[in-house]
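Enquirer: Chains as they are written, first to last, in numbering that gives the first Met the number 0: chain A, 0 to 293; chain B, 0 to 252.
These aren't lab readings, by the way, just hints derived from the structure by calculation. Computed from a prediction, not measured in an experiment: that's the story for all the values here. All residues carry an ideal CB built from backbone N, CA and C; glycine is no exception. Please note that a few of the clues may not be correct.
To be verified - Looking from chain B toward chain A, a few residues come up when the C-beta cut is under 7 Å (computed): (1) L25; (2) I27; (3) F30; (4) G35; (5) E72; (6) T76; (7) D165; (8) W167; (9) F168; (10) T171; (11) F173; (12) Y181; (13) P184.
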Amino acid sequence: MSEAVNPEVLQSSCGWFPAVRSWWRMLTICLEERLAYRSDFALGTLMRFLPIVTQVFLWTAVFAASSRADIAGYSRDNIVAYYLLTMVTRAFSSMPSLAGGISRCIRDGSVKKYLIQPVDYIGFLLASRVAHKLVYYIVAIIPFAAVLFFCRAYFPPAPDGLTIAAYVLSLLLSFLLGFFLEATLGMIAFWFLEVSSIIFAYMLFQYLLSGHMFPIDMLADIPTGISGVSLADVVRLLPFEYTAYFPAAVWLGKITGWELVRGLLLEIVWLVIAIGTCRFVWWRGTKRYSGFGG
Amino acid sequence: MTFRANFLLECLTSLGWMSMNLAFYLLIFNFTPEIGRGSGWSREPFFAFVATGLVINAIVQTLFMPSASELTEMVRTGGLDSVLVRPLDAQFLLSMHRFDFSSMANGLVGVGLLVWAVLRFPVAPPLIAFLLYPLLIACGVAILYGLIIMLAAATILMGRNQSLYDFWFYITNFSRYPAEIYSGPWGDPLRTFCTFVIPILLVVNVPAGTLARPLSGESWGMVVMTFAAACLSVGLSRLFFQAALARYRSASS
C-alpha cells in the first residue's frame, strides 16, 4: 500500500526555499564562529587606524614644504578624509584569507566534501564572508565611528542624498567585486597547488592600483605615450579602483554627474565579469580535480 | 636553499613591495621639493633615509623575525619546553633558531639606493659620519631586537598575542618617515613618546641623519642617545624575558 505524499515535505525538498534555508543556516553558523573572538577584532580594528596617523603627518609635511594649496585637486584635509574613506571601503572590499583558504582547501583535499554534498561552495563562501563582514561591522562600528567623529573637521559637508545612495551602492558592489576576484584567485590552486606567490603579486598590484596608497588622480599628469591618455585614465579602467578609490572619491565629490553613472556601470560590468569568471574557473577546476589528501 | 624557486619568488615579491613604496615616494617628490619645510629632507637625503630603513629592517627580518613569529605557536604547543631544557641560553635559541635570507634582498637594494643617494648629496658627508653609520645601524637593530624580545616575553605570559604582533608592525610604521614630520600639538607629544619611551624614531632617523645632514651639537646628542637606547633596550628585554620565563607554566604533558 502506498503512502500519500506529504505536500509540506514535497515543498520543502524542492524549489528556492531549501536553498534559502541552507544559505541562512550557513550564515548563522559562520556568525557564531566569528563572534567567538570579539575583543581581538575590536583591538585589531583600532590598530588599523595607526598607519593613517603617519599618513596624516606625512601629507601635512608635504603640503607645508610645497607652494600648492592642493595636489591633483585634493587639499590636505581632502587627503586625510580620502584615507579615512578608503579604510571604510577596504572594510567592505578586503577579503582576508579568502584566496589562501580556498587554495589550502583544494590543496589538502578538504574541498571534496563540497563536491559530494548538495552545497554550492561559492555560495557557502559568500555566506561565510557576509557573516564575517557583519560581525566585523558590529564590532568595528564603534571604533570607526569614534575615529570619523574625531576627524570630522577634515571632511567636507555631507553630499546630497543621491550621492550618498551612489556611495552605498558602490560599497556593496565593492564587497561583491572583492569577493569574486579573490575567490577566482584562490581557485587557481586547481592548476597550481601552491599559489601564495600569485596571491601576493595580486595583492601588490591591487594595493598600488586601487588608490589605497594615494588618490589615483595623482597619476593624471603621468603620460602613457598615447596622446591624451594619462596613467590615471588607464588605471581607472581596471577593476581595482572600486576596492578603495571610487567610493571615497564619490563621497568627496570628485566623481559626479555622468562620470559617476559611468563609473557605477563599469563597476557592475566588472562584477558580472568577475562572477562569470569565478563560476567558469570553479567548473573547469572541478572537472580536472583529483581529490588529493583529506 | 632547499626550495630555491620559493626563495627566489619571496625575494621578488619582497622587492615588489619595496619598488611600490619607492614609486610612491617618487610621486610625492613630483609635488614637493622636500618633506617638511626646512627639514633638509629633500629627495636624495630622503632616499638615503629610506635606504637606511631598508637595511635595518632587512637585518631584523632576516635574523630575528622568523624565530619570534614562531614563538606563539611554540608556547601553545609546548615546543618552548624543549628549548628550555637545552644547555643553551633560551633567549639566544628562541630569537635566532631560524633565518629568512630572502629578506636580505631588500637590504641589498637598500645599500644600492644609499650609494646612489649619497653620491648625489650637494655636500659629501665627513669621514666621521661614514664611521658612525654602521655603528648606528647596529644600534637601530639592537633597539628593534629589544622590542621583539619584549613582545616575545608578552607572548609567553599571555599565550596568544596576535594583536601584539600586529602592534609591532603598526608601531614600527612610525619609523618609516623622518621624525620632523611629527610636529604640532599632536605631533610633538607623539615624537617625544617615540623618541624617549619607545625609541622607534631613533632607529632610522639617527643613522640616516648622520649621513644626510651636517653633524651639530644636537645631532651628537642624538648619537649618544641612540647608543644608550640600544644598550637599554637589550638590557630591558633580557630582564623582561627572564621574568616571563620565571612565570611560564608548561603547556605540554
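Enquirer: Give me the numbers of the hints this structure contradicts, sorted from smallest to largest.
Expert: 1, 5, 6, 8, 9, 10, 13
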